[in-house]
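> Each chain, written out:
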Amino acid sequence: MITFENVAYSYGGGELLSDVSLKLAPGSFHFLTGPSGAGKSTFLKLAYAELRPTSGRVTLFDNDVTKLSRDDVARTRRRIGIVHQDCKFLDHMSLAANMALPFTVSDRESSPQDMEDLLGWVGLKHLADALPPQLSGGERQRAALARAVIVDPDVILADEPTGNVDWEMSLRILTLLVELNKMGKTILVATHDLNLIRQAKAQIQARVLRIAKHRVQLAGADL
Amino acid sequence: MRFPTAKPASPATRALEVVPPSGPTAWLTTFTAGAMTFLCVFALALSLASGRLADRWSEALAKTATIRLSAPAEQVQIQTDAILATLATTPGIASYRVIDDAETTKLLEPWFGPGLPVEALPIPRLIEVVEADPPYDSEGLRQRLTAEAPGALLDDHTRWRRPLAEAASRIRLLGVLSIALIGAAMAAMITLAARAALATNAEEIRVLRLVGAKDSYIARAFVRRFTLRTLGGAAIGAAAGLLGVAALPAADAAGGFLTGLGFTGFAWLWPFALPPLAAIVAFLATRRAAFQKLRELT
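If you read the sequences in order, they're chains A and B.
Counting the first sequence from 1 gives a position; the numbering used here is that position plus 1488.
Counting the second sequence from 1 gives a position; the numbering used here is that position plus 38.
Honestly, the hints are just simulated from the structure, not real lab data.
Among the clues, some could well be false.
As the list claims (entries may be wrong) - The following label-pair restraints were derived from C-beta to C-beta distances:
#, chain 1, residue 1, chain 2, residue 2, range
1, B, Glu334, A, Ala1496, 17 to 27 Å
2, B, Glu334, A, Gly1651, 27 to 37 Å
3, A, Asp1605, B, Leu281, 55 to 65 Å
4, B, Arg208, A, Asp1560, 52 to 62 Å
5, A, Tyr1499, B, Glu241, 19 to 29 Å
6, B, Leu212, A, Gly1500, 46 to 56 Å
7, A, Gln1705, B, Arg333, 30 to 40 Å
To be verified - Covered stretches of chain B, as calculated for chain A (at least 3 residues, CB under 8 Å):
#, stretch
8, 56-68
9, 238-246
10, 249-257
Think of the CB as a built atom: it goes at the ideal place given N, C-alpha and C, for glycine as much as any other residue.
Please work from the sequences and hints to get the whole structure.
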């Protein structure tokens, strides 16, 4: 699905990530952890072609990222669901319209039944007509997750999806992610919340990647 | 509960909806387009009118001349015959005719009023000469006339018509230049407005890119919006300009000088071409600005 081969990324100054090689296999569940500023978000951005590696090779669905045109990037992103910590919406459109956005921008129709099911799944049925600024942090996160999965992507990348919500809501979001993984989606969650990782490991087989000293390593089984 | 699919909206309309409404500055584009088109109508009227004037004068200048004969009463007929004989044997003349007394009276009427006793006045006899192609040699004709009829004077109108015709075609050139400048200024202003709109909506554009929108999709929303706004503004401007031109005093037969400013016949259709033209300018300018700006974002 997503492959990194000897990838390095540097911002103007020094190298943030170097010599990263790994493969996200279909159906796998990965956590990505490490201190703030270690490069978790950068790693995710490399994985959805927001950034291009300064050296090495990132392959998304068997396509070399450096060879993708802007339209190819757009098409690739329709197969990747992305959830951010501070998820952005189009504030002038209703929650339902925002969730349908991945369909709208590819000139496709979403089925009302799917939409209703999805809203029910994330528990936001009653807020379908609400505008995004009216939603709480937890509601926004779940809405972002719903938007990310509406087009049935192969991969879901989540950057600190529980960063702004309380523990109870974190568990709820984790449950949704675990359910998606059980449906066969490849999941990568960047988080510094070790409790969340422990909780997940009790439910499914999750692997933990840790960023330390500019490198991404597979962490030991114990946490 | 309301879902987006419940609304029967076409993909193009929905592309418009993904960009937030633009607020109070939106009318500035409409206003600019309107003002520019209004000015354009007048530039168009000016250049068309001076074009007509230039054509008319150049034509008259090229084609006709007048021979004026001032001679003592008993000599008039003799010299007229001599002139006509000379003209008949001069190559390069299409036709000629003596302007009779009735016509002369009519020509003089605006200056002296009706009921003028032409017979009592030493009015020179006029002979109109229409040149052929290739034209006669005017210097040669002048010399032959002096020899045959001493009272004859050839006036080929050149001296006073040429500068006027030149001025008219210069005005036409200025008109065309003004129209081009107005179009370029409108394109520049719409580009600035579109770039500002794109910058204001950078956050929304990022969201759209994140969920897999192509550049063309995002550009479509902005392009449609600016094109429609410009079309609306230009339509109002063109209508106002047309009313303004229509309200100008009509050109009368004597003048055709300043009062000739306006449209005649099919030229009335020109202002109607301006709104679509303005819309095309807006379309191209916004599209270019949008793709340029989008390339700066990932």
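> Give a verdict on every hint.
Hints versus structure:
One distance hint, 17 to 27 Å for the beta-carbon pair Glu334 of chain B and Ala1496 of chain A, holds here, with the actual separation near 24 Å. A hinted range of 27 to 37 Å holds for the C-beta pair Glu334 of chain B and Gly1651 of chain A, which are about 28 Å apart. With their beta carbons about 59 Å apart, Asp1605 of chain A and Leu281 of chain B fall inside the hinted range of 55 to 65 Å. Hint check: Arg208 of chain B to Asp1560 of chain A, Cβ distance near 55 Å, so the stated range 52 to 62 Å holds.
The hinted range of 19 to 29 Å is satisfied by Tyr1499 of chain A and Glu241 of chain B, whose Cβ atoms lie roughly 22 Å apart. Checked against the hint of 46 to 56 Å, the pair Leu212 of chain B and Gly1500 of chain A passes, with Cβ atoms roughly 53 Å apart. Here the CB-CB span from Gln1705 of chain A to Arg333 of chain B is close to 36 Å, well matched to the stated 30 to 40 Å. Restraint check on the stretch 56-68 of chain B versus chain A: 3 residues with Cβ-Cβ distances below 8 Å, three needed, restraint holds.
Beta-carbon proximity to chain A at under 8 Å applies to 5 residues in the stretch 238-246 of chain B; the threshold of 3 is reached and the given coverage holds. Under the rule that three or more residues need a Cβ within less than 8 Å of chain A, the assignment of the stretch 249-257 of chain B holds, with 7 such residues.
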